Each structure stands twice: as C-alpha cells, then as structure tokens.
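Asks: In the order they appear, the protein sequences are chains G and C.
By the working numbering, the letter at position 115 of the first sequence is numbered 111, and the numbering carries on one by one without gaps.
By the working numbering, the letter at position 157 of the second sequence is numbered 153, and the numbering carries on one by one without gaps.
If you are wondering where the hints come from, they were derived from the structure by calculation, not from laboratory data.
Nothing false has been slipped in among the hints.
The list cannot tell twin chains apart, which means a pair is met if one copy fits it or any two copies do.
Straight-line alpha carbon distances no greater than 20 Å define the calculated SDA-like cross-link-like pairs of lysine to any residue that follow:
no., residue 1, residue 2
1, Lys135, Met179
2, Lys186, Asp136
3, Lys135, Asp190
4, Lys105, Glu191
5, Lys158, Thr204
6, Lys135, Asp173
7, Lys62, Gly10
8, Lys62, Arg20
9, Lys135, Lys186
10, Lys158, Leu193
11, Lys115, Glu182
12, Lys186, Glu163
13, Lys158, Val92
14, Lys105, Arg133
15, Lys18, Glu29
16, Lys186, Glu126
17, Lys186, Arg127
18, Lys62, Thr52
19, Lys38, Tyr56
20, Lys57, Gln21
All values reported here derive from a predicted model rather than from experimental measurement.
2 protein chains.
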Amino acid sequence: MEQETIIEAGGAPGQRGPIDHKRRQQILQAADEHFRLYGYRKTTLADIAKAINLSTPYLYKFFDSKQALGEAICSQCLNRALAEVEELVAAVKSPVDKLRRVFTGLESKGWGFLNDERKIHDMVLVSFEERWGSLARFKDARFQLIRRIIVQGRESGDFERKTPLEETCGAISNMTDLFFHPMLLEQAGKSLEDEALAVANVAIRSLTA
Amino acid sequence: MEQETIIEAGGAPGQRGPIDHKRRQQILQAADEHFRLYGYRKTTLADIAKAINLSTPYLYKFFDSKQALGEAICSQCLNRALAEVEELVAAVKSPVDKLRRVFTGLESKGWGFLNDERKIHDMVLVSFEERWGSLARFKDARFQLIRRIIVQGRESGDFERKTPLEETCGAISNMTDLFFHPMLLEQAGKSLEDEALAVANVAIRSLTA
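Isolated chain G (complex conformation) (with noise of 0.2 Å):
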C-alpha cells in the first residue's frame, strides 16, 4: 500500500484525503450497508471495496483502517440518536422535563439498537469496548446537552446554583449510561425505563435541592 500523508477530514481521526469527493460518501453508504447487514467484525475493508468496484489499497486513501470507517458509521449513528433525544427535549419547555427526557430518550434510543439494530447495536458495543474516538465524541455531545439544559435550569431559577456545574453535568451525564450502554441493556434484557426514570428523579431532586 501506498504511504501517504495522512490529512485530517472533517476533524474525523482515521480519515485523509479530500473531505468532499464523491468517492467518501460512496465509500461511507457501502460500509453502512455492509455493518448493518453482516456486523462490524465480519466486514472486511475487502468487502466493502468489492461492493463497490474499488480496491482495497484505493480505499485506503480515504480511511487508513476499517476502525476510521466503523468510527464514521457510528458516530452518524450515535448522533442520529442524540439528534432524536435533543427533539425529544426541545418539546417540552420546563428544564425538569427536558432533562427527564434525556434518560428516557437515551434509553429508549439504546434499547431500539438493541431490538431493531442489532448489528448497530453490536458495533456501538464494539466502540465502547474499544474506546473508539466516536464514542468519546458522542459522550462530549451529550454531556453539552446536559449542560445547556442545568445552565438554562439554573438561569430560569428551576435549578440551584451553588454546586460545581461541570462536576455535576460530568456525573449526570455518566448516569445516563446506565441506559444507554449496549452492554448494560444487554444484560438487562428489558426495557430500563422505569430504572431510567427513577435515576433521572435523582439527578432532578438534586438540581431542584
């Protein structure tokens, strides 16, 4: 294979080459077509290249390794789902709802990987094992999402503002994997909701102290 200087696309670790050609966003549905249908760990870069006509050492020009291509698909997975969590929040106005949704939106997310998705889910599990950068972006997101919603809390007098915010935003934001983590939902084998619930009035009650 060809060395190349590797060039930083969009900021997406992994990637190199021009950030618009044709040929990455051709590259990108093959390999969402091909991780949704035969899983992450089964695709080889092969595969997806013979899907679409290329070689191999081709698409090496656009992502160095098959994890910069599973990083791409699910980090456009994940912020699909924070995406759907952030409707859910923005319809309804009270900063106690809002974060109320969070859990229940991020459950609920979580749990259609797991029941709908199943090879999504498989490769978003893969991505927290390994500690994939997608993933690590996805919990900065959702941690600012936390955050503006404490912030306006705070603002509109819903909240108290006496105790550390990023300490508390980094604490609730954890709390929500206990629903959101492919592994965890997994072994629970059930719908988390309540448990979500219960958990969020914990965060709440301690905002609202």
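Starting from the known structure of chain G, fit chain C onto it as the hints suggest.
Replies: Only chain C this time, still in chain G's reference frame:
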C-alpha cells in the same frame, strides 16, 4: 450419574446434600483455588474433583453444575467485598459520609478485583453476563445497605422524607453499578474514584433536598 433429590443447602440454588458435610467445604476450597489460579472458564468440575481425589459424579452430590460452584465462590467474594464496604460505612457517623463511602468503597473493591484478583474479576464478570443468582443476592444486600443508611438519615433529619423510599434506594443502588460493574471498570481502564465521588454527591444532594 446417580439421580438424587436436590436438597437446598443453605438456600443456595444448585447445591444439594447435607449442609455441614466436610466434603462440601473441601470442594469449595478446591474450587476457590482453581478459579483463582486458572479462572472459572478454564476450570472443569473434573479438575476440581481430581485435585481432591474425588470422582466427578461424587462432586455432583453436592453441586449440580459448575455454575453452582461458581455462584458459591462468587457469593463469597461479593459478600466479602460488601462486608469490607460495610466496615468503611460503620467507621463514619453521618449518613452523608456513609453513603459516600458506599460509592467509593464499591469502586475501590471493584478496582481491587480487576487489579489484584483478575481471575475473580473475570468470574464476577461472568456472573453479570449470565445473571447468576449470586449477583442478584449481592445486589439485594447492597440495596439493603443503602436502604439502612437512607432510613437512618431520614430518622436523624439529615435526609428528606417525602420521596418514595424504595424507588430512591433502588435508583441509588443502581447508580453504584457505574463504579462496580467489572465490564465498566475494565473499559474505563482507570480508577473511577473521582467519578464515583461526583455521582455520590448527586445522590446525596437529592436526599438533602
């Protein structure tokens, strides 16, 4: 293998035969040694039987499967960990400090398994994956410990009394899983003491509201 009526020994499922039989202790000790040395997955009932000059069928008189032995050893380890956390809890007076120590104590024990007793960590992980009875009993004991602290705090006036007790205790008990679940500690790859303290603070603020 001779079929006998299964007698519940000490209420532990999968155990049979007379409770106080010396053989049972001998088998448990050999199992403990094997699981610690070679790991639960790699040990067979035949290995354990051979180590103490028993036949495998004879061993079945006491434990009806490897999992029954695994659950017995796992219970011992989890009970010991929880007993150590209870000691830490008993050493401080205020319900706030006690609750904080449940979080940091469990984190420390979980981290201890991962770092100092790796094979035990792996077995506890199996118990989470396969939802062993030993895990359910541990979770119940953890819930009861947290419930005792919260009831004490309600009686002393340190904690509020208006929220539903069982729901709150269940939620806070679940929250400790973030720092005790062997898979989460493994994926974190570092001590989660600071995170445990931050989440404990959320729990404590929710109770002092």
